[in-house]
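Put together the whole structure using the sequences plus the hints.
Read off the chains here:
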Amino acid sequence: DSGVTQTPKHLITATGQRVTLRCSPRSGDLSVYWYQQSLDQGLQFLIQYYNGEERAKGNILERFSAQQFPDLHSELNLSSLELGDSALYFCASSVQGHNEQFFGPGTRLTVL
Amino acid sequence: AQSVTQLGSHVSVSEGALVLLRCNYSSSVPPYLFWYVQYPNQGLQLLLKYTSAATLVKGINGFEAEFKKSETSFHLTKPSAHMRDAAEYFCAVSSNTNAGKSTFGDGTTLTVKP
Numbered sequence: 198d199s200g201v202t203q204t205p206k207h208l209i210t211a212t213g214q215r216v217t218l219r220c221s222p223r224s225g226d227l228s229v230y231w232y233q234q235s236l237d238q239g240l241q242f243l244i245q246y247y248n249g250e251e252r253a254k255g256n257i258l259e260r261f262s263a264q265q266f267p268d269l270h271s272e273l274n275l276s277s278l279e280l281g282d283s284a285l286y287f288c289a290s291s292v293q294g295h296n297e298q299f300f301g302p303g304t305r306l307t308v309l
Numbered sequence: 050a051q052s053v054t055q056l057g058s059h060v061s062v063s064e065g066a067l068v069l070l071r072c073n074y075s076s077s078v079p080p081y082l083f084w085y086v087q088y089p090n091q092g093l094q095l096l097l098k099y100t101s102a103a104t105l106v107k108g109i110n111g112f113e114a115e116f117k118k119s120e121t122s123f124h125l126t127k128p129s130a131h132m133r134d135a136a137e138y139f140c141a142v143s144s145n146t147n148a149g150k151s152t153f154g155d156g157t158t159l160t161v162k163p
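Chains as they are written, first to last, in this note's numbering: chain A, 198 to 309; chain B, 50 to 163.
One thing to keep in mind: the hints can contain errors.
[Claimed, not checked] What follows is a set of in silico ranges between Cβ atoms, one per label pair, in the way DEER data are often shown:
| id | chain 1 | residue 1 | chain 2 | residue 2 | range |
| --- | --- | --- | --- | --- | --- |
| 1 | A | Glu250 | B | Glu113 | 16 to 24 Å |
| 2 | A | Gly249 | B | Ser63 | 33 to 41 Å |
| 3 | B | Thr100 | A | Arg260 | 31 to 39 Å |
| 4 | A | Gln238 | B | Ser77 | 24 to 32 Å |
| 5 | B | Met132 | A | Asp268 | 40 to 48 Å |
| 6 | B | Ala103 | A | Gln214 | 45 to 53 Å |
| 7 | A | Ser262 | B | Pro163 | 42 to 50 Å |
These aren't lab readings, by the way, just hints derived from the structure by calculation.
All of these numbers come straight from a predicted model, not from anything done at the bench.
Glycine included, each C-beta is placed from N, C-alpha and C at the ideal position.
Pasting the structure below:
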């Protein structure tokens, strides 16, 4: 158990819909990262937050957005969903940006 | 800028044989290097990390990696493979700059044959 929690574990929805994925980092970790993992694209870094502020952006689509709240939990919002958004979405946390990351169990999103 | 290249997307070894997974990195500043393992339907977990102390790093499950600055490499090895080592392995690099963002390699899937 990494100490990072993600909800829900599974999510099935339809194209065009909007979903919110939630992540609670390990106690004391200030950095939160979001990743997308699919068979065809592998592990893709989406975005990083540090203590409530956006720190780095990766291959995040404009339809996707995230935020980190004062209690340090984070949410990833995916809107106008397409079939290609079906993937595993991981959240990770670390004490500071350059330290090792602790990954949550992931949310498996299926868009039908 | 930083990047990671993992040579070989698939590696297959026999049980008891040496495991060697290759990772080369690029970084304009002193790097921090990591190896993570991902078992099916699970998140990534840290195997080991290099943070500028000893160049030979020992991790969990009998794995180790050696930082070679001259070769910009951080290859992962294990003397004797077990069936339970079958998983996907990711090499990653980060630094104190670049907002501390880690860059992950594309991953290497390790298959262990009985």
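We went through each hint and held it up to the structure:
no.	hint	verdict
1	A/Glu250 <-> B/Glu113: 16 to 24 Å	violated (37 Å)
2	A/Gly249 <-> B/Ser63: 33 to 41 Å	violated (50 Å)
3	B/Thr100 <-> A/Arg260: 31 to 39 Å	holds (37 Å)
4	A/Gln238 <-> B/Ser77: 24 to 32 Å	holds (26 Å)
5	B/Met132 <-> A/Asp268: 40 to 48 Å	holds (42 Å)
6	B/Ala103 <-> A/Gln214: 45 to 53 Å	holds (50 Å)
7	A/Ser262 <-> B/Pro163: 42 to 50 Å	holds (47 Å)
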